[in-house]
Amino acid sequence: MKLDLSNPAWHQTLPPGRSVAGDAPAAACAFSKDGSIAAFALGDGRVRLLPADINAAETPAGEPLHNGVALALVGDPAGDGFVSGGDDGKLLRIGADGTASEIANQKGKWFEHVAAHRATGAIAASAGKSAFVVKGGEVKEFGPHESTVADLDFSKDGSRIACAHYGGVTVWSIGQVTLPPRKFAWRGSHVALKWSTDGKFIATGTQENDIHVWRMAQATDMRMQGYPAKVKSLSWTADARFLYTSAQPVFTAWPFSGKGPEGKPPLQFGEEGAGLISVVAAHPAAEFVVGGYDSGELQLGDIKTRRSVVLKMADGSAITCLAWSPDGYKLAVGNEAGALLVLDLRR
Amino acid sequence: MAQPQVPVTVLTGYLGAGKTTLLNRILSEQHGKKYAVIVNEFGELGVDNDLVVNADEEVFEMNNGCICCTVRGDLIRIIEGLMKRKDKFDGILVETTGLADPGPVAQTFFTDDEVKARTRLDAIVTVVDAKHFLGQLEQGDEAEEQVAFADVILLNKTDLAGEDELKKVEGKINSINRYARIFRTQKSQIELAAILDKGAFDLNRILEFEPDFLHHGHDHDHEEEVKSLSLTAERPVDPDKFQKWMGALLQLRGPDIFRSKGILAIDGAPRRYVYQGVHMMMDSDWGTPWKEGEKRFSKLVFIGRNLDGENLQRGFNDCLK
Numbered sequence: 001m002k003l004d005l006s007n008p009a010w011h012q013t014l015p016p017g018r019s020v021a022g023d024a025p026a027a028a029c030a031f032s033k034d035g036s037i038a039a040f041a042l043g044d045g046r047v048r049l050l051p052a053d054i055n056a057a058e059t060p061a062g063e064p065l066h067n068g069v070a071l072a073l074v075g076d077p078a079g080d081g082f083v084s085g086g087d088d089g090k091l092l093r094i095g096a097d098g099t100a101s102e103i104a105n106q107k108g109k110w111f112e113h114v115a116a117h118r119a120t121g122a123i124a125a126s127a128g129k130s131a132f133v134v135k136g137g138e139v140k141e142f143g144p145h146e147s148t149v150a151d152l153d154f155s156k157d158g159s160r161i162a163c164a165h166y167g168g169v170t171v172w173s174i175g176q177v178t179l180p181p182r183k184f185a186w187r188g189s190h191v192a193l194k195w196s197t198d199g200k201f202i203a204t205g206t207q208e209n210d211i212h213v214w215r216m217a218q219a220t221d222m223r224m225q226g227y228p229a230k231v232k233s234l235s236w237t238a239d240a241r242f243l244y245t246s247a248q249p250v251f252t253a254w255p256f257s258g259k260g261p262e263g264k265p266p267l268q269f270g271e272e273g274a275g276l277i278s279v280v281a282a283h284p285a286a287e288f289v290v291g292g293y294d295s296g297e298l299q300l301g302d303i304k305t306r307r308s309v310v311l312k313m314a315d316g317s318a319i320t321c322l323a324w325s326p327d328g329y330k331l332a333v334g335n336e337a338g339a340l341l342v343l344d345l346r347r
Numbered sequence: 348m349a350q351p352q353v354p355v356t357v358l359t360g361y362l363g364a365g366k367t368t369l370l371n372r373i374l375s376e377q378h379g380k381k382y383a384v385i386v387n388e389f390g391e392l393g394v395d396n397d398l399v400v401n402a403d404e405e406v407f408e409m410n411n412g413c414i415c416c417t418v419r420g421d422l423i424r425i426i427e428g429l430m431k432r433k434d435k436f437d438g439i440l441v442e443t444t445g446l447a448d449p450g451p452v453a454q455t456f457f458t459d460d461e462v463k464a465r466t467r468l469d470a471i472v473t474v475v476d477a478k479h480f481l482g483q484l485e486q487g488d489e490a491e492e493q494v495a496f497a498d499v500i501l502l503n504k505t506d507l508a509g510e511d512e513l514k515k516v517e518g519k520i521n522s523i524n525r526y527a528r529i530f531r532t533q534k535s536q537i538e539l540a541a542i543l544d545k546g547a548f549d550l551n552r553i554l555e556f557e558p559d560f561l562h563h564g565h566d567h568d569h570e571e572e573v574k575s576l577s578l579t580a581e582r583p584v585d586p587d588k589f590q591k592w593m594g595a596l597l598q599l600r601g602p603d604i605f606r607s608k609g610i611l612a613i614d615g616a617p618r619r620y621v622y623q624g625v626h627m628m629m630d631s632d633w634g635t636p637w638k639e640g641e642k643r644f645s646k647l648v649f650i651g652r653n654l655d656g657e658n659l660q661r662g663f664n665d666c667l668k
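In the order they appear, the protein sequences are chains P and A. Once you know that position 110 of the first sequence is 110 in my numbering, the rest is easy, because the numbers rise by one and skip nothing. Once you know that position 260 of the second sequence is 607 in my numbering, the rest is easy, because the numbers rise by one and skip nothing.
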């Protein structure tokens, strides 16, 4: 896989792509399962679909699907479109043509987080203190937890989900056999969660500016402190060797190969941004990474060569969402001012 | 990108005092402003408005070993969510349950950086039931603490109580919190200007907000009670000694001190030093400069439980040059 990271022209002009004014803050973005559509969940309830082919004609904006904010979005692992959650209490399935149908409705609650498992076609979404798993037309509730589910993720094989909340993480088996949930405790409020791509670790970001990682096999845990802000974005590399974390001015990756990160400093590289990284997304296959800053910049990096390039964005609005296309050649970027980008990084 | 901070008003009050009536008024009256309202009982409000958000009061303890550092995690989430909206609003109202301690709500605005960046705590407004307040004081600590935290008090349902009764209730409110402004109301009817955009937590407005700020005096109530007191000094303050004394005081007595604020004449400093806090959490900054020839003074205010005014004054005196 080759991405054009060394192109100095990108300092001045963005890579080839399309840029659309979303007219509302972007809350989340994703690519469809086949990679042909990029979508953005927006602060006016719209889910904006754009062809991933940057030369194809732009599709119209459409009407708001949520009455409020579209908060969460994933590519539909069981279809050609997307699944979105909103602060209107609705979880929607959106077709490639932009038409929506309701999967679940939790009036008075917010569907704030949605995760997808590609191989099994399952969706997990949280509303209030419960998580809901959607598979083959069936919706199953897991919870309620002791407090609102602040984030959730699937295990590698899709047989379990992990939910973050006050006091730690709860892991549920979602298959046929209903096992009691497994709890991983750590005091305080856990606000972000990612299960490692090899299934061996669960990482959370906490309210108190640190990250917490549980080793599943031994149920041992570790804490990494010293961030200047909450770590709200976590991303494991495809090979599970590194965990990228936001809330630093440069790329910050904890090494998880061998004995793990205990007693080691994180690997840091890249140019310092004006602010902190607000969203980080490891490449789905190769050693690349993209970071979006709360000061509006975008940086692409290569952990192997430690090279990176800062892409100057048009405005200084905080980057709020990033997504790689499944083939790893395209990148969707959204910011707080509603700028929506689809970039083609193919060399 | 710097954005204006949205003012947040916290609305407390015992069960049945009239909070819901007040919220309905704010949401339905024509005032040309848009408010997001965070309530704990969805459906209680008669107004159908998509800016009404349901919240469970999810309090958590900060992981720093301090038992009074409790925060409303649900508020942090909801405020972050509201900030993603395309349509902005002029303010946020947070209603607490009738039995809630206002501490965690207030502390949320001292704790979370993003909440601090996007919003500012404007004032704590407490609705008091004129007829039942004295009885509610006997039921537990809640009614008393809600008054202790308040910047503005609506003495509501005055039509159901006689003048003598009202005087007695006002006297009791004053003995708990003599710094709050009291408005007598019926059916929660009040000019919005009286309760919104007060800047009660604004360090620059500490002097102008306090109606009684320069009144000095100790009362000799029974110490078990919640009361407010002030300490004053004319000699300049030694900043190191003060920091040590205040730090130790809050460490030891933080849970008992609901609100505190002060203006300090720091030795050799051309500007006033101002601070305000809730339990152990503090905000401080340099305020306006002293004028040429102006008489410099320091003044601290505490509202709390079991406060020993003489002991506190002695401790404060030891911080003076």
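Keep in mind that the hints were calculated from the coordinates and are not lab data. Take the hints with a grain of salt, since some may be wrong.
To be verified - As a list, the in silico DSS-like pairs of lysine-lysine whose alpha-carbon atoms are at most 30 Å apart:
(1) P:Lys232 to A:Lys463
(2) A:Lys381 to P:Lys109
(3) A:Lys646 to A:Lys519
(4) A:Lys435 to P:Lys312
(5) P:Lys109 to A:Lys646
(6) P:Lys109 to A:Lys519
(7) P:Lys312 to A:Lys463
(8) A:Lys545 to P:Lys129
(9) A:Lys380 to A:Lys519
(10) P:Lys129 to A:Lys515
(11) A:Lys433 to P:Lys107
(12) P:Lys109 to A:Lys668
(13) A:Lys668 to A:Lys638
(14) A:Lys515 to P:Lys312
(15) P:Lys107 to A:Lys515
(16) P:Lys259 to P:Lys312
(17) P:Lys107 to A:Lys435
(18) A:Lys433 to A:Lys463
(19) A:Lys381 to P:Lys107
(20) P:Lys183 to P:Lys304
(21) P:Lys109 to A:Lys638
(22) P:Lys129 to A:Lys478
(23) A:Lys463 to A:Lys515
(24) A:Lys515 to A:Lys534
(25) P:Lys156 to P:Lys312
(26) P:Lys232 to A:Lys435
(27) P:Lys129 to A:Lys519
(28) A:Lys478 to A:Lys433
(29) P:Lys232 to A:Lys433
Any of the earlier hints contradicted here, and which numbers? Failing hints, ascending: 5, 6, 8, 9, 10, 12, 14, 15, 16, 20, 21, 22, 23, 25, 27 and 28.
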